[in-house]
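Student: Sequence:
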Amino acid sequence: IASTTVAAGSIAWYYHLYGPVAFAASPAEEGLHATQYPWVHQQWLKTFDHQALRRGFQVYREVCASCHSLSRIPYRTLVGAVLTVDEAKALAEENEYPGEPDEQGEIQMRPGKLADYIPDPYKNEEAARFANNGALPPDLSLIVKGRHGGCDYIFSLLTGYPEEPPAGAQVAPGMNFNPYFPGTGIGMARVLYDGLVEYEDGTPASTSQMAKDVVEFLNWAAEPEMDDRKKMGLKVLIVTSALWAVSVWVKRYKWAWLKSRKLAYDPPADSKVRR
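Residues in the sequence shown are numbered from 1 upward in steps of one, following full-length UniProt numbering.
Honestly, the hints are just simulated from the structure, not real lab data.
Here the structure is a predicted model, which means the values were calculated and not measured.
Watch out, some of these pointers could steer you wrong.
Using 27 Å as the maximum straight-line C-alpha spacing, the simulated DSSO-like pairs for lysine-lysine come out as follows [unchecked claim]:
1) K235 with K46
2) K251 with K235
3) K231 with K46
4) K235 with K262
5) K251 with K262
6) K235 with K259
Given these sequences and hints, build the entire structure.
Tutor: As structure tokens, then:
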């Protein structure tokens, strides 16, 4: 019984943490609801496609990084999942970070290390707004978990720009029409076009392929522990299932006499009732 309770509680807690719960932001009523796509990496027994993660990181670097930050991701987390150790070190060394002060107390800049975090494209929020007509590009580290619909919403948003706004649609100056964005007016213009990047593995860089790859990479950025969590969850299910089978056996053969026993009072034949 105890093992069964533990197994059921573990499944319920896992669903509560990683299931389709309410997210931080919800689309407006007039926003078009994102289509649900069969993301393979979200299945219980599937893992991230690391070739897709590598391609998605390339799309982020060449397309998204000019406006959007990835401030919660250090270079070391890219090792083994997206890049090799040498590639991650070389990428980190392309940027400079504040180092130790010299004898005069001046902060010296140093090349980046694996322990450093991916730098922001802007120095501060004001600079980001100034470069984007007052709009603040969101950080993409947790964007998949911070938007209702997750991967489906971001993929639909990236691929949902029409050639021309539909008849009757009112778009404010400096805004772009996207039916999946709340209010349908978004400051970000369409950024993905066929052939925009050249994948090193030869994969055709269509708009939908680039969107799919970068969305899967952003899902990894929000949950880099997903693969390990699934492995641990499978082990937990195996152990708890074995404990459940043992508990059934214990109940059947060790406690059956408590359930089936009968108690009867058989007084002696010569006994007399005393008043």
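Student: Each of the hints needs a verdict: does it hold here or not?
Tutor: Verification of the supplied hints:
Restraint check for K235 and K46: satisfied, since their Cα atoms lie roughly 15 Å apart, inside the 27 Å limit. A C-alpha spacing of about 24 Å is found between K251 and K235, which places the hinted pair at or below 27 Å, so the restraint holds. For a cut-off of 27 Å, the pair hint linking K231 to K46 stands: about 10 Å separates their Cα positions. Distance restraint check for K235 and K262: the Cα-Cα separation of roughly 42 Å exceeds the 27 Å cut-off, and the hinted pair is therefore not satisfied.
In summary, the hint linking K251 to K262 is supported, as the alpha carbons are separated by about 18 Å, within the 27 Å threshold. Straight-line distance between C-alpha atoms of K235 and K259 comes to about 34 Å, which puts the hinted pair past the 27 Å bound.
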